[in-house]
Amino acid sequence: MEDKYVLQMENISKKYGETAVLKNVSLNVKPGEIYALIGENGAGKSTLMNILFGMSVIHSTGGYDGKVTIDGQEVNFTSPNDAMKAGIGMVHQEFMLIPGFTVTENIKVGRELTKPGLASKVFGKSLERLDWEKMEGEAQEALDAIGMDIDRHVKVAGLPVGYMQFVEIAREIDKKNIKLLVFDEPTAVLTESEAQRLLSVMKLIAAKGIAIIFITHRLDEIMEVADTMTILRDGEWVETKAIKDTDVVEIAQLMVGRKIEKLVDDDEKPEGLESAPVAVEIRDFRVDMPGEKVKGVDLDIRQGEIFGIGGLAGQGKIGIPNGIMGLFPATGTVTIFGSQINFGKLGDALHKEVAFVSEDRRGVGLLLDESIEDNIVFNTMTVKKEFLKNYAFMKLKDGRRVRSHAQEMINLFDIRCTGSLQKVGSLSGGNQQKVCLAGALTLNPKLLIVSEPTRGIDIGAKKLIMEHLVKLRKEQGLTIIMVSSELVELRSICDRIAIISDGRLSKILSPDAPDADFGLAMSAVRTEGGA
Amino acid sequence: MNTKKKLNVRSLLRDNNVTILFIVLCIGAYFASGTTLNFLLPELFTRIGRNTFMVLSLLIPVVAGLGLNFGIVIGAASAQIAIFLVLLMGVKGLPGLLLCVVICTPLAIFFGYLIGRLFNSMKGTEMIGGLVAGYFSDGLYQLLFLFVLGGIIPIANKTLMISTGVGVKNTMKLGDKAGLKYALDNIPMINILDVLFWGGLVASALILLYRLLKKQPLGIGRILKFFVPVAAVYALSFIPVVGRFLGTNRLLLLNAIELGALVAVIVSVIKIIKMKAIDKKAGLPKKEIMGIVIAALAYGATYIPPLFSAFSVVKLPVMTYVCIAGLVIFTSWFLNTKLGQEMRTVGQNRAVANSAGINVDRVRIIAMIMSTVLASYGQLISLQNIGTVATYGSHQQVGLYAIAALLVGGASVQQANAKQAVLGVVLFHTLFILSPVAGKQLLGNAMIGEYFRVFVAYGVIALSLAMHAWSKLMKGKEAAAKAEAAEAKS
Numbered sequence: 001m002e003d004k005y006v007l008q009m010e011n012i013s014k015k016y017g018e019t020a021v022l023k024n025v026s027l028n029v030k031p032g033e034i035y036a037l038i039g040e041n042g043a044g045k046s047t048l049m050n051i052l053f054g055m056s057v058i059h060s061t062g063g064y065d066g067k068v069t070i071d072g073q074e075v076n077f078t079s080p081n082d083a084m085k086a087g088i089g090m091v092h093q094e095f096m097l098i099p100g101f102t103v104t105e106n107i108k109v110g111r112e113l114t115k116p117g118l119a120s121k122v123f124g125k126s127l128e129r130l131d132w133e134k135m136e137g138e139a140q141e142a143l144d145a146i147g148m149d150i151d152r153h154v155k156v157a158g159l160p161v162g163y164m165q166f167v168e169i170a171r172e173i174d175k176k177n178i179k180l181l182v183f184d185e186p187t188a189v190l191t192e193s194e195a196q197r198l199l200s201v202m203k204l205i206a207a208k209g210i211a212i213i214f215i216t217h218r219l220d221e222i223m224e225v226a227d228t229m230t231i232l233r234d235g236e237w238v239e240t241k242a243i244k245d246t247d248v249v250e251i252a253q254l255m256v257g258r259k260i261e262k263l264v265d266d267d268e269k270p271e272g273l274e275s276a277p278v279a280v281e282i283r284d285f286r287v288d289m290p291g292e293k294v295k296g297v298d299l300d301i302r303q304g305e306i307f308g309i310g311g312l313a314g315q316g317k318i319g320i321p322n323g324i325m326g327l328f329p330a331t332g333t334v335t336i337f338g339s340q341i342n343f344g345k346l347g348d349a350l351h352k353e354v355a356f357v358s359e360d361r362r363g364v365g366l367l368l369d370e371s372i373e374d375n376i377v378f379n380t381m382t383v384k385k386e387f388l389k390n391y392a393f394m395k396l397k398d399g400r401r402v403r404s405h406a407q408e409m410i411n412l413f414d415i416r417c418t419g420s421l422q423k424v425g426s427l428s429g430g431n432q433q434k435v436c437l438a439g440a441l442t443l444n445p446k447l448l449i450v451s452e453p454t455r456g457i458d459i460g461a462k463k464l465i466m467e468h469l470v471k472l473r474k475e476q477g478l479t480i481i482m483v484s485s486e487l488v489e490l491r492s493i494c495d496r497i498a499i500i501s502d503g504r505l506s507k508i509l510s511p512d513a514p515d516a517d518f519g520l521a522m523s524a525v526r527t528e529g530g531a
Numbered sequence: 001m002n003t004k005k006k007l008n009v010r011s012l013l014r015d016n017n018v019t020i021l022f023i024v025l026c027i028g029a030y031f032a033s034g035t036t037l038n039f040l041l042p043e044l045f046t047r048i049g050r051n052t053f054m055v056l057s058l059l060i061p062v063v064a065g066l067g068l069n070f071g072i073v074i075g076a077a078s079a080q081i082a083i084f085l086v087l088l089m090g091v092k093g094l095p096g097l098l099l100c101v102v103i104c105t106p107l108a109i110f111f112g113y114l115i116g117r118l119f120n121s122m123k124g125t126e127m128i129g130g131l132v133a134g135y136f137s138d139g140l141y142q143l144l145f146l147f148v149l150g151g152i153i154p155i156a157n158k159t160l161m162i163s164t165g166v167g168v169k170n171t172m173k174l175g176d177k178a179g180l181k182y183a184l185d186n187i188p189m190i191n192i193l194d195v196l197f198w199g200g201l202v203a204s205a206l207i208l209l210y211r212l213l214k215k216q217p218l219g220i221g222r223i224l225k226f227f228v229p230v231a232a233v234y235a236l237s238f239i240p241v242v243g244r245f246l247g248t249n250r251l252l253l254l255n256a257i258e259l260g261a262l263v264a265v266i267v268s269v270i271k272i273i274k275m276k277a278i279d280k281k282a283g284l285p286k287k288e289i290m291g292i293v294i295a296a297l298a299y300g301a302t303y304i305p306p307l308f309s310a311f312s313v314v315k316l317p318v319m320t321y322v323c324i325a326g327l328v329i330f331t332s333w334f335l336n337t338k339l340g341q342e343m344r345t346v347g348q349n350r351a352v353a354n355s356a357g358i359n360v361d362r363v364r365i366i367a368m369i370m371s372t373v374l375a376s377y378g379q380l381i382s383l384q385n386i387g388t389v390a391t392y393g394s395h396q397q398v399g400l401y402a403i404a405a406l407l408v409g410g411a412s413v414q415q416a417n418a419k420q421a422v423l424g425v426v427l428f429h430t431l432f433i434l435s436p437v438a439g440k441q442l443l444g445n446a447m448i449g450e451y452f453r454v455f456v457a458y459g460v461i462a463l464s465l466a467m468h469a470w471s472k473l474m475k476g477k478e479a480a481a482k483a484e485a486a487e488a489k490s
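Order-wise, the sequence lines are chains F and C.
Be aware that the first sequence starts at 1, since it is given in the UniProt record's numbering, and climbs by one per residue.
Be aware that the second sequence starts at 1, since it is given in the UniProt record's numbering, and climbs by one per residue.
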């Protein structure tokens, strides 16, 4: 029975420090099978693949528990090189290609064919001359095998993006002992026709007896090509099923489904929200943020609403707040309480009573070498000219007022610190986030935008921040936009949740909508339009 | 169509701006100085012989992505240590020079390894690292020469040491009694031919024997291809006139051009005959015809009186130029080996190289070792020609000037080749020779030209680095625009 599988991963567990990121996950992949690995961001897919490839992040953090067998033999790779030798290949999401090299050179990189010469006999194999003729021939064979008609002399830099993926695949196919190929989100950067082509190439490869692990969040693609799928959620194995025994709705449900702890009772919700005036109107909004492009979004957010924006990483949800604040080039119109934001002018949104808590806490949100009190009042001082004292023609910081305000905030948010003069760089993540939030509130905004407010902070702080957001809305009638990858959090406090996929609005859902709806909204990317 | 052509000219200008600037400066300085070619060319070819090897030693680190290797200063310093030891031992002439090579090679390998290790722990900032490592090593070098030699290790040699017995004098003479001056330059051509012939004979015999034992195809054809011309020239050398000519160690540039043209024509004709008669290929052999035309033009140029007289005063040290040509051939051969390709891969993208199973750190260390060793040989070649070693100064500016020369040739931090190295040496040294003269002519003060050339050396490096950063920025923008366009299309 053993050698029926090309790859078996049994009871794999992995901890980074105290946090378990994988708990007893098992995979069994047969030769020639397309095996889909599904899960949200942070479900443990990439950690699992890192273990398979023996990446150094795994070993430098204490290794893993469990057993990996390839063709019935137990292995423990300590470097990607070992994995390569054992016949495992990877097609990366970001191309691992060298633009300045030709297609042939890229396909043969690290595995150049050589012919011996005098020097190589004296000084060893590494001085053998390259056998260009043979290399060209084999590169062409690999390209033919996947049905690609690319000129192998061309430098990769000159190829269209869609072709690069195929060069990567040709490189992996060219490895003679290849048994298993991992495709990590291969269609993310491809156009629809290119993606279709890729899928047919995958089938072609599988037909040759090479197993494929297919990591993607596009469920339609999985339904099209995969034979078997395994779903991971929060590092745990959820389900393994043959594709023919399941459907998209079930997969979507399994992918998302988990208990939701409601932080707001329904009766706490302000009444008449549906008829409240529109606070934020977003029209044809496009943001050019690398890795989080927004490609045309229309949204109406009502006054007093907690509006959630969710979706998978890289789909553009983060781009929306950053575009509004003018941190990345944006087009379209955003009208906040009747006045239009000028994206070209950095800080324009701040002047229009919008406060922003960035997802990039340490980079954008805080001045790490400054004190807590300075961080809390800094924006207000520069934008609203508050906390200032006039000395003749100069305006200086009003130290006493700053101190007392900061103290207030520290008490309010329960910021654990040695005092308001402590540098924020030395605070824990959760407390830093509280400082960010305190700074945003000091602006006394009408609209608060929080982006990934719970990223990298502990559960206690998470809960406190979420509760505080709810309280703010209740007590001050603040309108809040919360952008988060954590669907659970969005569903626990938001009134409505917009799911962004591929830079566009996929669907607006009520937090009580079934899991499957969320899964589908996040995954079924190409329901209309296409990339 | 028209716009496209225009764009090409513009990008050509943009990509070669430093080189073009230097050509203009050189021409300007030549006319401003009012000198003749008879003054310029001998001086220039002496400097080409001295400096090219050193500049070529910079190529491999650039290819391997280590940038411009300011660390060659350390290679130069190890050459000087070797020279000191050989002077102390009193070995003269060619044996002395070979002993220098034997001593400085392990030193340079060791230092190259250390620099490689250092660079591996500061990836991305190798250039500044190399610069500082150079200064640091200079400090150690001074400690060694000023204090350790004589101070700790007693040395009884009055010509080398300061009168107190502690520390080395600030010049070491290679000429006269030391017998190292021109040790390489003075090797007669006939000796080179002898070595080629007999060495080739022995090597061919060994290869054939090896292949016979291993029962591999003999491949006599390829061996003959190399050996027959050598043997033919060797046979010619027994004709008294030719023998006398080959017995000298300097070659007139005039003769060199004549010989070069002759060889180029013969080779081209043989190739054409082979193509037409044996392979029966259709079409014009464009490359070969080009070769004949260029050879004819070069030969024709020798009949222009001012060129003729200038060519007749330039004497090339043959062996030195053979070494330079050998290094050019070696470098291009090396880059076509497995290790060379690995270096190119590492130079292009370390992450890809790593995932392709290449040991990135090891490859980078090898590149540094090669560069350091070659730089030490380059310093030996240079010093044996100059004839004196400024104990505390000869190595200091080596890195700066070699790098400036390479950049002038159109190389950049990321790409460099032998052509650029040679062109760069020619342009850089032309300006170096001419600028003091031009300064004197124009402003009545040679020092101004002197200042100018120092300014130029530093300026060119700064300019190249800034240009490099700028074109990288532009490329990034272009790529982004391209991606945008592609996205809009889909």
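Among these hints, one or two may not hold up.
[What the hints assert, rightly or not] Below, computed lysine to any residue pairings styled on SDA-like, alpha-carbon distance capped at 20 Å:
#1 Lys-115(F) <-> Gly-247(C)
#2 Lys-121(F) <-> Ile-366(C)
#3 Lys-352(F) <-> Lys-389(F)
#4 Lys-115(F) <-> Glu-43(C)
#5 Lys-176(F) <-> Gly-357(C)
#6 Lys-121(F) <-> Lys-280(C)
#7 Lys-389(F) <-> Asp-374(F)
Note that these hints are calculated values from the structure, not bench results.
All values derive from a computational prediction rather than experimental measurement.
We went through each hint and held it up to the structure:
no. : hint                      : result
1   : Lys-115(F) <-> Gly-247(C) : violated (39 Å)
2   : Lys-121(F) <-> Ile-366(C) : holds (19 Å)
3   : Lys-352(F) <-> Lys-389(F) : violated (23 Å)
4   : Lys-115(F) <-> Glu-43(C)  : violated (44 Å)
5   : Lys-176(F) <-> Gly-357(C) : holds (15 Å)
6   : Lys-121(F) <-> Lys-280(C) : violated (36 Å)
7   : Lys-389(F) <-> Asp-374(F) : holds (15 Å)
Hint check: violations occur at hints 1, 3, 4, 6; the rest are consistent with the structure.
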